[in-house]
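Each chain, written out:
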Amino acid sequence: MNTIKTTTVGENYNQYVGRKYLIILALAVMTFLMALYAISAGSADIPVTDVMKALLGLGAPKNVLVTVNIRLPRILMAITSGVGLAAAGCVMQSILKNPLASASTLGISQGASFGAAIAIIYFGGGTVMGNNADAVTINNPYVTSICAFIASMFVTFVILGLSKARKASPETMILAGVALSSFFAGGTALLQYFSSDVQMAAIVFWTFGDLGRASISNISIAAVVTLAALIYFMFNRWNYNALECGEHTATGLGVNVSRVRLAGMTIASLSAATIVSFVGIINFIGLIAPHIMRRFVGNDYRFLLPASALMGALLLLVSDTFARLIISPVILPIGAITSFLGAPLFLYLIFKGVGHHAES
Amino acid sequence: MLKVDALEFGYHSTRKILDTIKFDVSNGECVAVLGNNGAGKSTMLKCLNKIIAPQHGKVLINDADVLKMKRLEIAKNTAYVAQKSEGSRITAYDAILLGRKPYIKLSPTHEDYQIVDRIISSLNLQDMSLRLIDELSGGELQKVMIARALAQQPKVLLLDEPTSCLDLKNQLEVLKLVQTITKENNIAVVIVIHDLNLAIRYCDRFLFLKDNSIYCYGGIDVMTSENIEAVYQVPVIVESYHEQRVVIPLS
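Protein chains in written order, with UniProt numbering: chain A, 1 to 360; chain B, 1 to 251.
The shape of chain A in the complex, shown without the other chains:
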């Protein structure tokens, strides 16, 4: 942050900017504390001090095992997915000038579901190991993830292709997303209709979303993609700010609007598709995290992007911890929990007037 001059206007602006950074710092601290609590809490409670020791490889071997091998990967995936989905949603809302834009509304999640269903039915991606729902498993996660990724990227490229033909207008992207979303939802329904009970259970299980299914290599890939996307978005934060003022104004400010839109959509979709293909459908995070933070830091993407990313991580950590603890040891599906907790919160925000972005 640059320090600026001596005038009252500059001093006031410095204080204003300082408050935004303080909000981001507070979010980072809350996310860290929530992550510690999430590692500590579970069917086997581990005190936070023991968690800290276990993270350093010290303390009881059982604690190290549970903390490092079971809970830490889950928490890291929650943070990565939350950051990735929220940042992607934030950018999609900006470049499409639509407050409802997210991986779900653009058909990326539905494409991933379709791809996963294909993998489960035709490539033996899922099976049932017992009689209860917990025993349904995705026994070939790589094939399922790869198919989900290919299908969601197919959606992305169709949207981008159609949009490019129409000069990347936001309306074209949204409408193409809605059409493809419906198309793939229908395709998945048809696959389920003709599938066996086992296959159908596996498809439904996959679409629930599960942070625990990601392996360390999955987490690494998702983290690298998310970090690269976040860096790209931050480099473009002034372009997104300019787009807030309208297409012609942005062009007048030196922004290549079509290129910023197409590249932004590609990176955001790639990031969302990578996460969804590893953890399944997690609704509302990409939609609600930017909306919450608009209320606190406004539409300036210098602050909105990091704040939304952290809020996404925090929301997903809270939801996942809730899903693990509420009827422990049963772990509820995270996708259902984010929707269940997110929808009332979203309604509250609309009621309080955060839907403001819709008019801008």
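Derived by calculation from the structure, the hints in this document are not laboratory data. Cβ coordinates follow ideal geometry from the N, Cα and C atoms, glycine included. A hint or two may mislead.
Computed footprint of chain B on chain A, listed as stretches where at least three residues anywhere in the stretch have a Cβ under 8 Å from a Cβ of chain B [as the list claims (entries may be wrong)]: (1) 242-249; (2) 290-302.
Sample of chain B residues lacking proximity to chain A, with all beta carbon distances greater than 12 Å (derived) [as the list claims (entries may be wrong)]: (3) D65; (4) S137; (5) D195; (6) E229; (7) Y241; (8) V247.
The hints should help you fit chain B onto chain A, whose structure is shown.
Coordinates of chain B only, in the frame set by chain A:
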């Protein structure tokens, strides 16, 4: 200095919106672009900084062709204020700072902040600098947008109907501001405007567009009842009031 030569534009090859547009604007001069709705005024303005790319012609600023420049270079030479600015949840200060976008590499520099501060002080916008622009009145927002355009430090300022949504007091304030910054910053200003009397009061030269081309262009001498009637198809008289021409429609 802005020189426009043989500018042509059409959305379809069969129908031209602009045909052989040729005019020039000196530094420190404000030119009003006048004409009926659909005459191509706003389109012409957008062609001058390649928001819309014209099919033919040249737009020269100090002999450098704008149409051959990259987007960022154009944004350092010209600034554009849209007819209706979109409000957003950013402060007026940040909106003006956005005018430094063509110069910002990673983050704004000390100089960028100094320029914004100076503009805010010179336009007396201190009181609204930390207010969100979507909470400003139409007149306040338009002043902020003009301030943002000034932050681009342009050689040519393009204004598309900056007073169309404003009440009389704000119309006068905004146009007085434009007149002042034209002279003080010694920049060429092209302004699309509907009100002939405001144009007479605040602009130096007048460009009438009719049937996709320039009908007449010049100083106050072209502001005659014959020219106005020919362009607008409305009978008018042009009277003198306090040594200034006033256009009075008769129908």
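Consistency of the hints with the structure:
1. 242-249: Check passed, 6 qualifying residues.
2. 290-302: holds (count 4)
3. D65: The claim holds: B/D65 sits with its nearest Cβ about 17 Å from chain A, beyond 12 Å.
4. S137: holds, 16 Å
5. D195: holds, 22 Å
6. E229: holds, 33 Å
7. Y241: holds, 37 Å
8. V247: Non-interface label on B/V247 holds, nearest chain A Cβ at 30 Å vs cutoff 12 Å.
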